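Chemist: Given chain A, work out where chain B should sit, using these hints.
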Amino acid sequence: MGYVVIIHGRCIPGDEKRETRMIKAEGLTKHFGRFTAVDDLDLKVVPGEIFGFLGPNGAGKTTTIRMLTGLLRPTAGRAIIGGYDIHAEPLRAKAILGYVPDEPFLYEKLTGREFLSFMADLYRVDEKRRIDRVAELLHLFGLEERADELVQSYSRGMRQKLAVAAALVHDPSILILDEPLTGLDPRSARILKDNLRMLAGRGVTIFMSTHIMEIAERMCNRVGIIDRGRLIACGTIDELKGLSQKDTTSLEELFLQLTGGTAYAEVVRSLEEGVLS
Amino acid sequence: MTQLLLWKARIACWNYLRSPRARVGTAVLVLMAGALAVMVFGACRFLFKAVQPVLTGATLVPVAPEGELVLLSALYVIGLLILLVSGFAAAFFVLHASSDLPLLLAAPFTVRQIFALKFCELTASQLPVVLVVVLPAACGYGAGVGARWSFYPAALLLSFLFLFLPTALAVLAEALVVRVIPPYRVRELGAALGTLLGIVMYALFYLGSSYFASWGPQEVISLTDRLSFAKAKVSPAHWLGQATVAASRGSFSDFLFWGGLTAVVSLFALVLSFLLVQGAFYTHWVGAAETHPRLRRRPLSAVLVANRRKSLLSLRGPLWALAWKEVHMIRRDLREWMEAMYMLVMMVVFTVAPALRRGGSILRPSELLLYICLGMAGMTSWALVGHLALGCVAREGRSWPLLRSTPITGEQIMKGKIMGVVALVLAPLLAITLAVSLLLGLRDFQLIIVASFVLLITPGLAALGAWCGTLSPDFNAQNVRQRVGGAAYLFFWVVSLLYAAFLAVGVFLVAEGAWTGWRVLVRVLGLLWLMIIGALAFVVGVVLGGREIERREACVR
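Taken in order, these protein sequences are the chains called A and B.
First residue of the first sequence: 1186, per our numbering; consecutive thereafter.
First residue of the second sequence: 4, per our numbering; consecutive thereafter.
If we strip away everything but chain A, and leave its shape as in the complex, we get (with noise of 0.2 Å):
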């Protein structure tokens, strides 16, 4: 795709034409009092495109996906969905938008097949589409014998399978998800990555956090690295090893570079010199 890989500053791929499937961050910033959890962030995902968002704990993550998705609003720039701004424009933005956040909170008192049905509903999907689509995602995610159960007896995986259910029952042209493959079994995981490389080949823009580098590493077309709220380097992934001071082979090496990999090591040396005295 020709990209532009900057750190510390923007992360612009080249293809800018086909707006309206693509996530775009315009000097995104969110403070809470004097803390900056998200500070001044540009990005772009295009269509067809598997977006990784990495960063340690409290990097601000999560505070860019809920801005993304206008759950939060920023205290300065612009987070444009398919086109339409997140925050002047949210019907257009989230009727486009499907979202799983980072904790699997779904309604107890619904069953499965219920909260699916209503989140179609809440989608517009038409009558015929909906009963075909929640059969289908049921049974895609191996959730069809318990469907009539309430949610409140579903395990937290379960949970999680149906809330990825959920953000894929209206068709969305644009995905962002946070944490996705938390809780989930082998074999739920594994789907759920077949599928969301089936809508990336399909041009669904696809925007996710994980933890898990292997999984960012095997299925992100680039990857984001986050850290105290800054974008501290953006690319695919032989285009950030290329940046790397040593000969690094994994993307978790050079994640532990970038953000504080120093610190981790003498930790590490610590802990031994505790075991070995």
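If you are wondering where the hints come from, they were derived from the structure by calculation, not from laboratory data.
None of the values given here were measured: they were computed from a predicted structure.
Keep in mind that a hint or two might mislead.
Label-pair ranges, simulated between beta-carbon atoms [as the list claims (entries may be wrong)]:
#: 1; chain 1: B; residue 1: Trp-10; chain 2: A; residue 2: Leu-1276; range: 46 to 54 Å
#: 2; chain 1: A; residue 1: Asp-1311; chain 2: B; residue 2: Leu-20; range: 36 to 44 Å
#: 3; chain 1: B; residue 1: Ile-184; chain 2: A; residue 2: Ala-1273; range: 47 to 55 Å
#: 4; chain 1: A; residue 1: Ile-1417; chain 2: B; residue 2: Trp-10; range: 50 to 58 Å
#: 5; chain 1: A; residue 1: Ala-1273; chain 2: B; residue 2: Leu-179; range: 32 to 40 Å
#: 6; chain 1: B; residue 1: Pro-131; chain 2: A; residue 2: Ala-1273; range: 50 to 58 Å
#: 7; chain 1: B; residue 1: Ile-184; chain 2: A; residue 2: Leu-1276; range: 26 to 34 Å
#: 8; chain 1: A; residue 1: Arg-1403; chain 2: B; residue 2: Arg-24; range: 48 to 56 Å
Straight-line alpha carbon distances no greater than 16 Å define the calculated EDC-like cross-link-like pairs of lysine to aspartate or glutamate that follow [claimed, not checked]:
#: 9; chain 1: A; residue 1: Lys-1294; chain 2: B; residue 2: Asp-257
#: 10; chain 1: A; residue 1: Lys-1426; chain 2: A; residue 2: Glu-1438
#: 11; chain 1: A; residue 1: Lys-1294; chain 2: B; residue 2: Asp-336
#: 12; chain 1: A; residue 1: Lys-1313; chain 2: A; residue 2: Glu-1330
#: 13; chain 1: A; residue 1: Lys-1378; chain 2: A; residue 2: Glu-1402
#: 14; chain 1: A; residue 1: Lys-1294; chain 2: A; residue 2: Asp-1311
In this text, a Cβ means the ideal position worked out from N, Cα and C, and glycines have one as well.
Modeler: Just chain B now, with coordinates in the frame of chain A:
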């Protein structure tokens, strides 16, 4: 082990009281408990003082020779039942809903140590009930019969015996219940039963106070003949009653015998429950209800057919979806039902009780009857709809961000939720207000006025409630009563009073109007006024609530 116990005590007391809000809450609770203890003491003192002259032969009123003991046993049965209910709730929270049990089981402690700690917690949690209910009752008895000072240490000792038997039985009952019903249902069931108990106590207090106020010694004595449940010789309540009577009469050997018997039986039950529950928890025998219901599934084909049929009949679209979801969420939550019922009983009793004569017949000032019925309808509607609407945004809980990520506006959320609440309560509300109006003596067309009044004011009231609920929703609240902050609740009161003031004009016109002559115009004008005010309230509630939702960031902290 001792260190762990001390840590638990420190967390429960000291660390909890570090927050100023918790300190204020605890102070209020202690004051209320103190007031309740004084009430129990006073009531028992009155009861036993009333019986006393007869038993000592001061008057010639005939009485059963063991009247005092029967009365005491009956009170102890009530005390044991209260402790059994509170023990059941405590057992659920200390054992099942406890967050530290898995942590403790993974720590280097024996299972016996861990459960000993849990039983200590359980017993400690029962202590306030003993101090507020049982001890004042025993002391009230002592004061009533004029016991010597040596009775009171004995009463304290006997009160502590109350701790063990109900706790042991509650723990066993709870383990059995959770074997049959999943824990999340038990939580709701417990809350529902607690509220039901509250309803009964409230209704008894209000409706029964005038009934009991006219009682004298004769009635108290005749009551002892009817308390057959307290006469069983093999009941712990009877043994404790015997021990208390013996202590009051200074019979040390009898006190030791009956007290000792109770202590031995109680300790035996406690040890038995300790051993059984330990095994049950450790082998996950109690958690079986989590998996059992999954086996009782409907065939998939039936489910699909039912779903298709349902979808053909149902109305679709975001507003209807929100309304149906609201209906499901309220309908399937026992706590919501019980809370609604509590509010309903409270308001009906509150409005009807003043219209009752001391003997139970109904006052019928015909010129005021329509006013009374409209007032009752308004207040009942306020209690039921207001409560459900006030918490309707916070009812979303932690799934609120998910709803806000969908292409739905704040106003649509408000409308959908109000539709759900109104659709659910309108029919029962009409039935109750009409039934009470009939009971109070309202007839014919006047009933239609009451029904119209309810229909016209309810959507507006729900909208105002929902708007106030958007001002400070607590999406993390587990308790249905804590879904909105105190300020929003007070604001709802103010808004309701304002709404009531506007409605009062319409009520006056409707009540002063008639169905004949020129006064028809007055009545029609009144109904029109009610309709306009109701519609305005609906619009104001929806618009302002919608704006508040849009204004707020949709994050649950």
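Chemist: Next step is simple, just say for each hint if it's right about the structure.
Modeler: Verification of the supplied hints:
{"no.": "1", "hint": "B:Trp-10 x A:Leu-1276: 46 to 54 Å", "verdict": "holds, 52 Å"}
{"no.": "2", "hint": "A:Asp-1311 x B:Leu-20: 36 to 44 Å", "verdict": "violated, 57 Å"}
{"no.": "3", "hint": "B:Ile-184 x A:Ala-1273: 47 to 55 Å", "verdict": "holds, 50 Å"}
{"no.": "4", "hint": "A:Ile-1417 x B:Trp-10: 50 to 58 Å", "verdict": "violated, 42 Å"}
{"no.": "5", "hint": "A:Ala-1273 x B:Leu-179: 32 to 40 Å", "verdict": "violated, 59 Å"}
{"no.": "6", "hint": "B:Pro-131 x A:Ala-1273: 50 to 58 Å", "verdict": "holds, 56 Å"}
{"no.": "7", "hint": "B:Ile-184 x A:Leu-1276: 26 to 34 Å", "verdict": "violated, 43 Å"}
{"no.": "8", "hint": "A:Arg-1403 x B:Arg-24: 48 to 56 Å", "verdict": "holds, 49 Å"}
{"no.": "9", "hint": "A:Lys-1294 x B:Asp-257", "verdict": "violated, 56 Å"}
{"no.": "10", "hint": "A:Lys-1426 x A:Glu-1438", "verdict": "holds, 9 Å"}
{"no.": "11", "hint": "A:Lys-1294 x B:Asp-336", "verdict": "holds, 7 Å"}
{"no.": "12", "hint": "A:Lys-1313 x A:Glu-1330", "verdict": "violated, 22 Å"}
{"no.": "13", "hint": "A:Lys-1378 x A:Glu-1402", "verdict": "holds, 13 Å"}
{"no.": "14", "hint": "A:Lys-1294 x A:Asp-1311", "verdict": "violated, 24 Å"}
Of the numbered hints given earlier, the model fails hints 2, 4, 5, 7, 9, 12 and 14; all others are met.
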